[in-house]
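Asker: The lines below spell out each chain.
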Amino acid sequence: MMTTILQVVALVAIILGTFFSVVGIVGMVRLPDVYARLHATGKVGVFGVVLLLIGAVAWTPLGWGRALLLIVLLMVSGPVTAHALASAAYRIGLRVKEPVRDDLREI
Amino acid sequence: MYYFARAVLLLTLMYLALTSNLQASNIVMGLLLSVGVMALLRPQLREADGRRAGTAVLALFRYIFVLIWDYIVSGIQVARIVLSPTMPLHQAIIAIPSDCQSDLGLALSAHALTLTPGEMVVEIGDDGTMYTHVLDVEKVETAVAAAQKQREELLEKIFP
Numbered sequence: 001m002m003t004t005i006l007q008v009v010a011l012v013a014i015i016l017g018t019f020f021s022v023v024g025i026v027g028m029v030r031l032p033d034v035y036a037r038l039h040a041t042g043k044v045g046v047f048g049v050v051l052l053l054i055g056a057v058a059w060t061p062l063g064w065g066r067a068l069l070l071i072v073l074l075m076v077s078g079p080v081t082a083h084a085l086a087s088a089a090y091r092i093g094l095r096v097k098e099p100v101r102d103d104l105r106e107i
Numbered sequence: 001m002y003y004f005a006r007a008v009l010l011l012t013l014m015y016l017a018l019t020s021n022l023q024a025s026n027i028v029m030g031l032l033l034s035v036g037v038m039a040l041l042r043p044q045l046r047e048a049d050g051r052r053a054g055t056a057v058l059a060l061f062r063y064i065f066v067l068i069w070d071y072i073v074s075g076i077q078v079a080r081i082v083l084s085p086t087m088p089l090h091q092a093i094i095a096i097p098s099d100c101q102s103d104l105g106l107a108l109s110a111h112a113l114t115l116t117p118g119e120m121v122v123e124i125g126d127d128g129t130m131y132t133h134v135l136d137v138e139k140v141e142t143a144v145a146a147a148q149k150q151r152e153e154l155l156e157k158i159f160p
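Protein chains in written order, with our numbering: chain H, 1 to 107; chain R, 1 to 160.
Bound-form chain H, shown alone (with noise of 0.2 Å):
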């Protein structure tokens, strides 16, 4: 019963995680600009692997620790990532492209 129901979560989140991931890489071909496809990759992208690293545990025998530790360390280094990238890229002057209004242009 337990397994049954162990194997079930892996399942949907082996699919959901393959299906961000996908996202992701779709996102970083379709969106306009680098601060967009930032929102793609950086984000969404490491929604799919933290499912895909859910769904591992699930399956096999590996410990919850680890996987929970991996997890964090994602959810932290993923954002910071994107973050120092798209501070990188307004630096050496890459602008957003149509934008609504750029706060950032005024300093």
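None of these hints come from the bench; they were simulated from the model. Incorrect hints may have been included.
A short list of chain R residues far from chain H (calculated; beta carbon distances all over 12 Å) [claimed, not checked]:
| id | residue |
| --- | --- |
| 1 | M14 |
| 2 | I27 |
| 3 | L40 |
| 4 | Y71 |
| 5 | R80 |
| 6 | D99 |
| 7 | C100 |
| 8 | A107 |
| 9 | E119 |
| 10 | Y131 |
| 11 | Q150 |
| 12 | E156 |
| 13 | K157 |
What follows is a list of derived Cβ distance ranges for each label pair [stated by the list, open to error]:
| id | chain 1 | residue 1 | chain 2 | residue 2 | range |
| --- | --- | --- | --- | --- | --- |
| 14 | R | L13 | H | L62 | 16 to 24 Å |
| 15 | R | K157 | H | L69 | 41 to 49 Å |
| 16 | H | I5 | R | L40 | 42 to 50 Å |
| 17 | H | L11 | R | V37 | 49 to 57 Å |
| 18 | R | P97 | H | V22 | 34 to 42 Å |
| 19 | H | V76 | R | V73 | 12 to 20 Å |
| 20 | R | P97 | H | V72 | 22 to 30 Å |
| 21 | R | T129 | H | A88 | 16 to 24 Å |
| 22 | R | I76 | H | A88 | 36 to 44 Å |
| 23 | R | G54 | H | V72 | 17 to 25 Å |
Below 25 Å or equal to it, Euclidean Cα-Cα: the simulated DMTMM-like pairs (lysine to aspartate or glutamate) are [stated by the list, open to error]:
| id | chain 1 | residue 1 | chain 2 | residue 2 |
| --- | --- | --- | --- | --- |
| 24 | R | K149 | R | D99 |
| 25 | R | K149 | H | D33 |
| 26 | H | K97 | R | E138 |
| 27 | R | K149 | R | E123 |
| 28 | H | K97 | R | D136 |
| 29 | R | K157 | R | D70 |
| 30 | R | K149 | R | E138 |
| 31 | R | K149 | R | D136 |
| 32 | H | K97 | R | E123 |
| 33 | R | K149 | H | E98 |
Just so it is clear, CB atoms sit at the ideal spot from N, CA and C, and this is done for glycine as well.
Chain H is already provided as a structure; the job is to place chain R on it using the hints.
Answerer: Just chain R now, kept in the frame of chain H:
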């Protein structure tokens, strides 16, 4: 010295829990690693205040819950924009003021803001203003200030 010993003990316990191996060699390995880590870190001495620990732990759990929820909503929202045929983008960089004084508080609230659906901090000004890139400016403008205020209050409780 007491601070050092306590930190080393905690790190060693963490290491043993993660490797799940209680052989003597592994314990020595964990101790050595912990001492090494602590030797590289600059100690931050702060008076422990027992009375506030309860509220801090409660606020920490609420904060983690809020973060996970934001993370899920964020994933779904960006996925919807990416997969829709017309791609409804209204990009902008907006300035969001912040009340945090310390560097740690500023870093954590910038992290929280980046996890919020459709937002990403691009630059932090000298006065703590966060210049945030948003995917759809019409959706977020009203909600963002209130959400950020709630998160900063929680952070204030965790790191007084």
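Asker: Does each hint fit the structure? Answer for all of them.
Answerer: Cross-check of the supplied hints:
Listed as outside the interface, M14 (chain R) is inconsistent with that label: its C-beta sits roughly 9 Å from the nearest C-beta of chain H, within the 12 Å cut-off. For I27 (chain R), the shortest C-beta to C-beta distance to chain H comes to about 17 Å, beyond the 12 Å cut-off, and the non-interface label holds. Residue placement check: L40 (chain R) keeps its beta carbon more than 12 Å from all beta carbons of chain H (closest about 19 Å). Look at Y71 (chain R): its CB is around 7 Å from the nearest CB on chain H, not clear of 12 Å, so calling it non-interface is violated.
Distance to chain H contradicts R80 (chain R) as a non-interface residue, since its nearest Cβ pair spans about 9 Å, not more than 12 Å. Listed as a non-interface residue, D99 (chain R) keeps its Cβ farther than 12 Å from every Cβ of chain H; the least gap is roughly 18 Å. Every Cβ of chain H is farther than 12 Å from the Cβ of C100 (chain R); the closest lies at roughly 16 Å, confirming the non-interface assignment. Residue placement check: A107 (chain R) does not keep its beta carbon more than 12 Å from all beta carbons of chain H (closest about 9 Å).
At the 12 Å boundary, the C-beta of E119 (chain R) falls inside the reach of chain H, the nearest C-beta of that chain being 9 Å off. In this structure Y131 (chain R) is not separated from chain H by more than 12 Å, as the shortest Cβ-Cβ distance comes to only about 4 Å. For Q150 (chain R), the condition that its CB be more than 12 Å from all CB atoms of chain H holds, with the nearest at approximately 18 Å. For E156 (chain R), the non-interface assignment is confirmed: its Cβ lies about 20 Å from the closest Cβ of chain H, beyond the 12 Å cut-off.
Residue-level check passed: K157 (chain R) sits 20 Å from the nearest beta carbon of chain H, beyond 12 Å. Range check, L13 (chain R) to L62 (chain H): Cβ separation about 20 Å, and the 16 to 24 Å hint holds. Roughly 25 Å separates the CB atoms of K157 (chain R) and L69 (chain H), a value that falls outside the hinted 41 to 49 Å. A beta carbon spacing of about 44 Å between I5 (chain H) and L40 (chain R) agrees with the range 42 to 50 Å that was offered as a hint.
The given range of 49 to 57 Å is broken by L11 (chain H) and V37 (chain R), whose C-beta atoms sit roughly 39 Å from each other. The hint said 34 to 42 Å for the Cβ distance between P97 (chain R) and V22 (chain H), and at roughly 37 Å that hint holds. Evaluation of the 12 to 20 Å hint for V76 (chain H) and V73 (chain R) yields a pass: the beta carbon distance comes to about 19 Å. Between P97 (chain R) and V72 (chain H), the C-beta spacing of about 29 Å keeps the proposed range 22 to 30 Å intact.
At about 19 Å, the beta-carbon gap between T129 (chain R) and A88 (chain H) stays in the expected band of 16 to 24 Å. A hinted range of 36 to 44 Å is violated for the C-beta pair I76 (chain R) and A88 (chain H), which are about 28 Å apart. Taking the beta carbon of each, G54 (chain R) and V72 (chain H) are about 23 Å apart, inside 17 to 25 Å as hinted. As the CA atoms of K149 (chain R) and D99 (chain R) are separated by approximately 9 Å, the hinted pair is consistent with the 25 Å bound.
For the hint pairing K149 (chain R) with D33 (chain H), the CA-to-CA distance comes to about 30 Å; that exceeds 25 Å, so the pair is violated. A distance of roughly 17 Å separates the Cα atoms of K97 (chain H) and E138 (chain R); the hinted pair therefore holds under the 25 Å criterion. Between the alpha carbons of K149 (chain R) and E123 (chain R) the distance comes to roughly 19 Å, so the proposed pair stays at or under 25 Å and holds. A C-alpha spacing of about 13 Å is found between K97 (chain H) and D136 (chain R), which places the hinted pair at or below 25 Å, so the restraint holds.
Simply put, K157 (chain R) and D70 (chain R) have alpha-carbon atoms about 20 Å apart, close enough for the 25 Å limit, and the pair holds. For the suggested pair K149 (chain R) and E138 (chain R), the alpha carbons sit about 19 Å apart, so the restraint of at most 25 Å is met. Taking the CA atoms of K149 (chain R) and D136 (chain R), the gap is near 20 Å; set against the 25 Å cutoff, the hint holds. For the hint pairing K97 (chain H) with E123 (chain R), the CA-to-CA distance comes to about 17 Å; that is within 25 Å, so the pair holds.
The hinted pair formed by K149 (chain R) and E98 (chain H) fails the criterion: a straight-line CA distance of about 29 Å is larger than 25 Å.
Comparing the model with each numbered hint stated earlier shows that hints 1, 4, 5, 8, 9, 10, 15, 17, 22, 25 and 33 do not hold.
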